[in-house]
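S.K.: The chain contents come next:
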Amino acid sequence: MLGNLARLIRYRGLIQTLVARELKARYRGSVLGFFWSFINPLLLLLIYTYVFAYIMPRSLPPGQEPKPFSDPYPYALFLFCGLLPWTWFSSSLNESAGVLISGGNLIKKVLFPAEVLPIVTVLANMVHFFLGLPILAAFLAYYRAPVTLGELVWFPVIVLVQLLFTLGLALIVAALTVHFRDIRDILANVLMLWFFATPIIYPWTQAPDVGKWFVNVNPFSHLAISYQEVLFFIGPFGHWRWLLSLGAASVVFFLFAYFIFDRLRDTFAEEV
Amino acid sequence: MANAIELRNVSKIYRRYTHRRQFATLKSALLSRSLVRDLRPDETFAAMQNVTAAVASGRTLGVIGRNGSGKSTLLKLVAGITKPTSGTVHVNGRISALIELGAGFHPEISGRENVFINGIMLGLTKREIARRFDEIVEFAELQDFIDAPVKTYSSGMYMRLGFAVAIHVDPEVLLVDEVLAVGDEGFTHKCLDKFAEFKRRGKTILLVTHALGLVERFCDEALWMDAGTMRAMGDPKRVVGAYITDVETSEEQLLAAEDAKAKESATVVSPDEATTAVLPDHPVETAAGPADMFRATEGRWGSREIEITEVQLVGPDDQPGHVFHSGESLTIRIRLRSPIENQDFVIGVGIFNAEGVCCYGTNTSIEELKAVRILGDAEARFSIDSLDLVEGTYKIDVAVHKLDGYPYDYHRLLYTFRVKSRTKDVGIYRPRHAWRFSDGVAFDRVGHEA
Chain S
133 MLGNLARLIR YRGLIQTLVA RELKARYRGS VLGFFWSFIN PLLLLLIYTY
183 VFAYIMPRSL PPGQEPKPFS DPYPYALFLF CGLLPWTWFS SSLNESAGVL
233 ISGGNLIKKV LFPAEVLPIV TVLANMVHFF LGLPILAAFL AYYRAPVTLG
283 ELVWFPVIVL VQLLFTLGLA LIVAALTVHF RDIRDILANV LMLWFFATPI
333 IYPWTQAPDV GKWFVNVNPF SHLAISYQEV LFFIGPFGHW RWLLSLGAAS
383 VVFFLFAYFI FDRLRDTFAE EV
Chain X
579 MANAIELRNV SKIYRRYTHR RQFATLKSAL LSRSLVRDLR PDETFAAMQN
629 VTAAVASGRT LGVIGRNGSG KSTLLKLVAG ITKPTSGTVH VNGRISALIE
679 LGAGFHPEIS GRENVFINGI MLGLTKREIA RRFDEIVEFA ELQDFIDAPV
729 KTYSSGMYMR LGFAVAIHVD PEVLLVDEVL AVGDEGFTHK CLDKFAEFKR
779 RGKTILLVTH ALGLVERFCD EALWMDAGTM RAMGDPKRVV GAYITDVETS
829 EEQLLAAEDA KAKESATVVS PDEATTAVLP DHPVETAAGP ADMFRATEGR
879 WGSREIEITE VQLVGPDDQP GHVFHSGESL TIRIRLRSPI ENQDFVIGVG
929 IFNAEGVCCY GTNTSIEELK AVRILGDAEA RFSIDSLDLV EGTYKIDVAV
979 HKLDGYPYDY HRLLYTFRVK SRTKDVGIYR PRHAWRFSDG VAFDRVGHEA
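Residue numbers (my numbering), protein chains in the order written: chain S, 133 to 404; chain X, 579 to 1028.
Take these hints with a grain of salt, some might be off.
[Claimed, not checked] Think about it this way: if two alpha-carbon atoms lie no more than 27 Å apart in a straight line, the pair counts; the simulated DSS-like pairs of lysine-lysine are:
#	chain 1	residue 1	chain 2	residue 2
1	X	Lys839	X	Lys998
2	S	Lys240	X	Lys772
3	X	Lys729	X	Lys704
4	X	Lys704	S	Lys240
5	X	Lys661	S	Lys240
6	S	Lys240	X	Lys729
7	S	Lys156	X	Lys729
[Unchecked claim] Non-contacting residues of chain S with respect to chain X, defined by C-beta distances greater than 10 Å in every case (computed):
#	residue
8	Val289
9	Val342
10	Ile366
Simulated from the structure, these hints should not be mistaken for lab results.
Since the model is a prediction, treat every value here as computed from it, not as a measurement.
Glycine is no exception: its CB is placed at the ideal position from the N, C-alpha and C atoms.
Just chain S, same shape as in the assembly (with noise of 0.2 Å):
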């Protein structure tokens, strides 16, 4: 198995030709072409404003509304600080989880390592993410947000930590849903719950109760408060340990999600 994980680094270059054809390919053809990495979060971000911004709050009565928004900066800002990485995570996992059937010609008929397919989908959606960047920083700066540069420090740590903790399932996904196709349909659902127990529509402090300890367990809600801590909220990032717990725990679990794909691995050219 660490024979197969040191032959993934000899493997980088084919990784970065399938990465840079990915991003060339998804946007051939349509018009607006690479713009649409900036768009389509813009977008997002506007539905998810317009909904929980202007909508929600007026359907109950007045004074009992939700006060998040209280705060010198817009709850825009702040869902994008969370959705932003969301995405990359979600789409990631749902692309995943038919790479290796639609990729199944590579691997049944040119000897192709596996798991180069789901590596490139994560890799590939977070080039995207990069791309919705730059719209995050205007926006924090157009609203001045408190950003300081100690801050700024921990988030390539935290890019770093999801993306660890993102291969690994992602790699997991790919391996069991050749053998069980079924998780493709699951993990649409499995992922709509997941955004919604996770606090990027909601600061953490407003989780309800019951909720508390299910947000704790979550990983993605410690990558998402991390986000939110270094970009948004003001103050020192105080949520350190609890990320690079989750980066330790991530090193760990993609290893182990690595070995199963390792282990199944001779069953793909066979099951796809």
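Given the coordinates of chain S, work out where chain X should sit on it, guided by the hints.
M.R.: Here is chain X on its own, set in the frame of chain S:
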């Protein structure tokens, strides 16, 4: 010289899915707590059993065998795409497998970009591809279309590009799975030339093919796979010969079974046809036989006043059989029985090809033989000195009837035989012929170049 490919006691066992298992899903697996059990194969199928073989570096090995004999499994095992269930596979040097051409092509992006990506997938570096790029495009004959998205390519263009990339990987070991059917005649020749070039440069080639002539001409060794096991390995001429003989034997059995079936169904039909036919004032029924002459359906009819008891096809070895070689002799032995003496009879024979075209038909009356008498058991032999038919399956008619056509016993297309030929000429009939050339023209036998 070292071995480029080594297989030691290699077996490959595939799972076979029963109908029930196809519907097994995660949910049902969890519900019935059979997740672990379902992941274990319950029915297996050995695609390859205990194969031990080695190919010396620089040799060309042709793998032949029937469909489902394990040829492609062998190739996939050597390529490393699947792992053997037991045993070891060892390959020295870079492999390029021409199994699925253009497998990694992305339809939306241009041929140029796909060449790079495919090349990297096959193990080249960007610089290596850039150096070979022009050669690849030229080989694929796609200079004008290389910047168009691959989805606009015809399937031939797609295959050619895939082939061109794979062949320019410059492998030490080249695996080829029946891909010569790519493109037109000219391209096939180019591929063969490329293989020959590989051979000259001392590369190892593993060629899976049904083109036996190619194996004989091109390969240093041949391996004959049969039902997952190795039947023979060695000199291509010898192995191909043994394979052809084996195929003939099983075809023989198949044709014999077919004959038996045809005869059986014919005898089932015959009783009531026979009874109607014996009525002398039933001209319609008697005419039914000859009128059917050009309708190619099997059957047997007639009054059986004279009966054909047995028909045998005999080759030059005097043994009854069903597979014969073009140019050899063939005798149709017809055993007859006439309980009472009869003076009005004609014996006829017709040969039809698979499309139902009458290749030849004759009878004793046409050939101006006047029947004198027949009584008791008798035998007629129709001997063909040289069976000058092209390769194919043929059926024959055998009949005894009155001079006016009234059938005693008519066997319609009940006997099948196969003609084998080393030449792939076309048509029905092969006239005895020879090519002769004046001084201005020269030929050499293919595969015997100096």
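S.K.: Quickly compare the C-alpha distance for lysine 661/X and lysine 240/S to 27 Å and report which way the hint goes.
M.R.: holds (12 Å)
S.K.: If I take the minimum Cβ distance from valine 289/S to any residue of chain X, is it greater than 10 Å?
M.R.: holds (31 Å)
S.K.: Do the alpha carbons of lysine 729/X and lysine 704/X lie within 27 Å of each other, as the hint requires?
M.R.: The hint holds at about 23 Å.
S.K.: Does lysine 839/X pair with lysine 998/X here, judged by a C-alpha cut-off of 27 Å?
M.R.: holds (23 Å)
S.K.: Keeping to a limit of 27 Å between CA atoms, is the pair of lysine 704/X and lysine 240/S held or broken?
M.R.: holds (24 Å)
S.K.: If you draw a straight line from the CA of lysine 240/S to the CA of lysine 772/X, is it 27 Å or shorter?
M.R.: At roughly 25 Å apart (the allowed maximum being 27 Å), lysine 772/X and lysine 240/S satisfy the hint.
S.K.: Are all C-beta atoms of chain X more than 10 Å from that of valine 342/S?
M.R.: holds (27 Å)
S.K.: Given the hinted pair lysine 156/S and lysine 729/X, is their alpha-carbon gap at most 27 Å?
M.R.: holds (15 Å)
S.K.: Is it correct that the beta-carbon of isoleucine 366/S has no partner in chain X closer than or equal to 10 Å?
M.R.: The claim stands: isoleucine 366/S keeps its Cβ more than 10 Å from every Cβ of chain X (closest is about 46 Å).
S.K.: So if I understand the rule, the pair passes when the alpha-carbon distance is 27 Å or less; does lysine 240/S with lysine 729/X pass?
M.R.: holds (21 Å)
Violated hints: none; the structure is consistent with every hint.
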